[in-house]
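Residue numbers (the numbering used here), protein chains in the order written: chain P, 5 to 225; chain Z, 5 to 225.
These are calculated hints, taken from the structure and not from any lab test. Treat the hints loosely; a few may be bogus.
Which copy is meant is left open, so a pair is good if it fits within one copy or across any two.
The calculated lysine to aspartate or glutamate pairs, modelled on DMTMM-like cross-linking and capped at a C-alpha distance of 20 angstroms, are [what the hints assert, rightly or not]:
#1 K91 - E28
#2 K86 - E28
#3 K156 - E54
#4 K48 - E147
#5 K48 - D146
#6 K206 - E51
#7 K65 - E99
The model shown is predicted, which means the values in this text are computed figures rather than measured ones.
2 protein chains.
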Amino acid sequence: MAKDMTLFWGSGSPPCWRVLIALEEKNLQGYNSKMLSFEKGEHKSKEVMEVNPRGQLPAFKDGNTIINESYGICMYLEDKYKTKGNKLIPECPSEMAMMYQRMFEGLTLFQKMAHSLFYTRFVPEGERHDSAQERNRAELKDEIQRWEGYLKHNFLAGDHFSLADVIVFPVIAFLFRFGLCEEKFPKLATYHNALKERPSIKASWPPTWNDGPGMDSLKNL
Amino acid sequence: MAKDMTLFWGSGSPPCWRVLIALEEKNLQGYNSKMLSFEKGEHKSKEVMEVNPRGQLPAFKDGNTIINESYGICMYLEDKYKTKGNKLIPECPSEMAMMYQRMFEGLTLFQKMAHSLFYTRFVPEGERHDSAQERNRAELKDEIQRWEGYLKHNFLAGDHFSLADVIVFPVIAFLFRFGLCEEKFPKLATYHNALKERPSIKASWPPTWNDGPGMDSLKNL
Chain P
5 MAKDMTLFWG SGSPPCWRVL IALEEKNLQG YNSKMLSFEK GEHKSKEVME VNPRGQLPAF
65 KDGNTIINES YGICMYLEDK YKTKGNKLIP ECPSEMAMMY QRMFEGLTLF QKMAHSLFYT
125 RFVPEGERHD SAQERNRAEL KDEIQRWEGY LKHNFLAGDH FSLADVIVFP VIAFLFRFGL
185 CEEKFPKLAT YHNALKERPS IKASWPPTWN DGPGMDSLKN L
Chain Z
5 MAKDMTLFWG SGSPPCWRVL IALEEKNLQG YNSKMLSFEK GEHKSKEVME VNPRGQLPAF
65 KDGNTIINES YGICMYLEDK YKTKGNKLIP ECPSEMAMMY QRMFEGLTLF QKMAHSLFYT
125 RFVPEGERHD SAQERNRAEL KDEIQRWEGY LKHNFLAGDH FSLADVIVFP VIAFLFRFGL
185 CEEKFPKLAT YHNALKERPS IKASWPPTWN DGPGMDSLKN L
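Construct the complete structure from the given sequences, taking the supplied hints into account.
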């Protein structure tokens, strides 16, 4: 089953990383794993474009079935392989509601992170404004503060690891990789450090992150 | 069951509308429906903030369970009320994959629509650039063209109505409300006009849209 799957991915990208984690959690090791370089533009290569015409990573095939949206891949793997590996959607409706709530709020966290950290990548030089950069940074800080307040249990949706963690953990790890201060966000730091030890996350840790230290863009946030 | 639910929503908002459609499809009529006005700032009222601290609509309660993210509410309703009303997630894995793919690509369509149509709402006056507005409009056009190409069947994920339609139809209807040209996007127009007649969509049609004509911002796209 896993041998019929192919995943194209890039190191450190939260959308790619969540798929790597989901595949580990569902015990689907043995798939064809193709790590590509964003820097070299390999996400625009012919082999990727054939699977994902948007030229984005992740790009994923399961036999003849193609699905590229990272949230969608995680949902698909959980639905199709319900009884394999770890169950990632709680049965209790109130826990399930919390899981979906955090999972989709994760889109906002990711978006605010991208707006702040990658402002100069997304906004052409002549259109940049310090006021926008400051606002984006302030909004990111408010958003992270919100998540710090959410963490009252061991995991994002309560006492059990769920799809909310699969999907949002990579974003939180990314924030720390960019220098987020552990002392200012102690609950997020505890969560981050605990999950680092989880087998699925250890097995999928971004290989390029082992080469050297991260950035300090968020150090003083 | 439905009588224990409360939905705060705003007319015409795609995130709100998809929840209204999902409730109809799952035969959950009879919930407490509270239409609020964005113009009057009612989404920031105390009764909303108590349910959704982000001060956004939709805000939704099912008994003591709160869930506010529109994608999450739809998933939750489908999961919790699997055997009630219409089944919205196909069992066949390849159809399911297509459904998730379109459903999550819908986020990009919505985002590109918002960036173009609501540019002046989101970007403060001193930070606006014609070049950005033109780029946003071009990106929206490319994105709509992509969806025009997707429509090879009656519904977004194939031959059956699914969560992809629940979630993305309101965005497509919004585009036509803002003047999208039926002749230039004939497949989207056929889809839009066919789904208008679906009972769940008729029952949830934005009440404020009955008051008068839409805008023509997208007429020449």
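Comparing the hints with the structure gives:
1. Proximity of K91 to E28 under the C-alpha cut-off of 20 angstroms is restricted to the intra-copy arrangement: shortest distance 12 angstroms within a copy versus 29 angstroms between copies.
2. In the homo-oligomer, the alpha carbons of K86 and E28 lie at most 20 angstroms apart inside one protomer (14 angstroms), although the nearest pairing across protomers, at 28 angstroms, exceeds that limit.
3. In this homomeric assembly, K156 and E54 come within 20 angstroms of each other (Cα to Cα) only across copies, at 19 angstroms, whereas the closest approach inside a single copy is 44 angstroms.
4. In this homomeric assembly, K48 and E147 come within 20 angstroms of each other (Cα to Cα) only across copies, at 18 angstroms, whereas the closest approach inside a single copy is 32 angstroms.
5. In this assembly of identical chains, the alpha carbons of K48 and D146 lie at most 20 angstroms apart only when taken from different copies (17 angstroms versus 35 angstroms within one copy).
6. Taking the shortest alpha-carbon separations for K206 and E51, neither the intra-copy value of 28 angstroms nor the inter-copy value of 43 angstroms comes in at or below 20 angstroms.
7. Taking the closest pair of Cα atoms, K65 and E99 come within 20 angstroms of each other only across two copies (14 angstroms); inside a single copy the shortest separation is 30 angstroms, beyond that limit.
Violation of the numbered hints given earlier is confined to hint 6; every other hint is satisfied by the structure.
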